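A.B. asks: Can you build the whole structure from these sequences, using the hints too?
If you want the building blocks of each chain, they are given just below.
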Amino acid sequence: MTGSTHGFTPMQKLILTAVGVSITGYIFFKITNLLLPFFISFILAYLLGPLIDRMEFLFKKRILAVSVLYVVFFSISAFLIWLTVPIVTKEIHTLSKLFPTYISQGKQLYQTTTKSLNERFPLMAQIHVDEKIEAKASEYTRELIKEAPAIAIQVLSIFSTLSLVPFILFFFLIQGPDMFKRAVTFIPNRYFETSIHLLYKISTQLGNYLRGILIEAGVVGGLSAGFLLLIGVDYALIIASVAGLCNLIPYLGPISGAIPAVIVFYMKMKTINSVFLIIGTFALIQFIDNMLVQPMIYSQSIDLHPLLILLAALIGGSFGGIWGLVVAVPLAGILKVIVTQFYAEIMFRHQRKLETSSH
Amino acid sequence: MATDPFWGNIFKRNHTQDIVSVLKQIPIFNDINFLNLVKLSKFLHRRTYFRNEVIFHEKEPGVGLYIVKSGEIKISISNLEGHDCELTRLGPGTFFGEISLIDEAPRSAMATALDDTELLGFFRPDLMTLIDRDPRLASQVLYKLAIVLGKRLRETNKELKRLQTGVAQ
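So the protein lines, in turn, are chains X and G.
Going left to right, the first sequence walks through residues 297 to 655 as our numbering numbers them.
Going left to right, the second sequence walks through residues 365 to 533 as our numbering numbers them.
Mixed in with the good hints, there may be bad ones.
As the list claims (entries may be wrong) - Pairs of lysine to aspartate or glutamate residues, derived as DMTMM-like cross-links and limited to a Cα-Cα distance of at most 25 Å, are as follows:
1. G:Lys438 / X:Glu430
2. X:Lys649 / G:Glu417
3. X:Lys649 / G:Glu450
4. X:Lys649 / G:Asp448
5. G:Lys423 / X:Glu641
6. X:Lys356 / G:Asp382
7. X:Lys497 / X:Asp474
8. X:Lys309 / G:Asp480
9. X:Lys442 / X:Glu430
10. X:Lys477 / G:Asp467
11. X:Lys477 / G:Glu482
12. X:Lys411 / X:Glu430
13. G:Lys438 / X:Glu641
14. G:Lys508 / X:Glu352
15. X:Lys497 / G:Asp496
16. X:Lys497 / G:Glu468
17. X:Lys649 / G:Glu468
18. X:Lys632 / G:Glu468
19. G:Lys406 / X:Glu352
20. X:Lys403 / X:Glu435
21. X:Lys649 / G:Glu422
22. X:Lys356 / G:Asp496
23. X:Lys497 / X:Glu512
24. G:Lys406 / X:Asp474
25. G:Lys403 / X:Glu641
26. X:Lys477 / G:Glu417
27. X:Lys356 / G:Asp395
28. X:Lys309 / G:Glu417
29. X:Lys477 / G:Glu468
30. G:Lys403 / X:Glu352
31. X:Lys477 / G:Asp496
32. X:Lys477 / G:Asp480
33. X:Lys477 / G:Asp382
34. G:Lys423 / X:Glu651
35. G:Lys388 / X:Asp474
36. X:Lys357 / G:Asp395
37. G:Lys406 / X:Asp349
38. X:Lys497 / G:Glu462
No wet-lab data here; the hints were simulated from the structure.
Quantities reported herein were computed from a predicted structural model and do not represent experimental measurements.
C.D. replies: Here it is in structure tokens:
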């Protein structure tokens, strides 16, 4: 397996590399939707890799370890579905029945609030703030209804694409390390050790981060479910699941998770204290998350200053919306590893040049 | 790839057997049984170097050890004047760079291919993966590595004592 590239000038190599990267990037951009199950399978294989490595030691053969994992996973999933589907279905059924009531109560609350605000702040009545809000809300609702069939088709298409994930994941789990080893043979000798070192650091950091945020989401979801059930909030399981998933999004996530709980509990209790109770509960959950869970989980992964994390999240959010926010922090961590490594490499080569030229 | 039993040369050794026979010559791996050596061979990276191509420079961050499968390697260090001083030459069945398997300290010497050379690389990330996948085999490798490093340390101490005695006289 040779890595040496002889016969090309540096400029030719640069041009070839640029052309190759551009063509590859263009092809990937065109087939993004088709790559979604491969991307998800790659992430899952990455997360499950260490577990499969340990199971391979137990079962001696990697294919056996992967097969056992699949059997266990599908059995647990079937059991959880059998356990939770009736409860969640009941909650969704109740929610859908009461939804029109919530809508009319919401409208009533809105009308009462705007009336009292218009009386207290006449300027608001003069510039017709309430009419403008109503017009915008109607416009968004109309757009949503118009786009509903397209959204439904897209959701169905995503589900059918995702059904390929277990199949692709199976092969990634079995042959992932071999695929990586094969890919690494194409790296030129000159950059080989640096690349191996870099890939290992990125792999360790990314793996720890991904596992960390999943554990964090689980802890936040569990705490939310516990506290909401204790308070007596309806649909606690659904709201807790949403809060746990939303926690994957930096900064915006915790707020997004609290909003449904505030709305549902306020509709039930109809007092302002209920709003403060829910806000206080989620603030406590976030406090536990930030003070206890995050330091434990992230101490081994992303080594970035909090201000850099905030900057990365802002840049990610402005370029890629919600998905940008989700991937911004791990990408910033990876970028830091790459920059640090390349800086060290450049400094070393520069030092070597100086030493050679001085002699 | 499995050898075709009808048309294929049944006496042709496949790559894994070649690698295993090389590993058996290395002190770190010579006590390990055949099946485990086959397992280990999957962690090795095959690299080829042309004549006078540098494998790594002195003071470069190291990633692991190399085993010479074929060809010849020159190990050298820079003296105070900046000239290369050859320390030793290594042929097939030898290894170098083993300290980098343990730590990230810079390489203590430079390695250059004197001929068209094929090397088998065993790197720190692969050792970490081996520790996860087969802790028993990994601990065997680490134990043998410790013996090799301990032996080298003793030889270095002996040499230092000899030099100190020489200077004192």
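A.B. asks: Tell me the hint numbers this structure goes against, listed in increasing order.
C.D. replies: 1, 25
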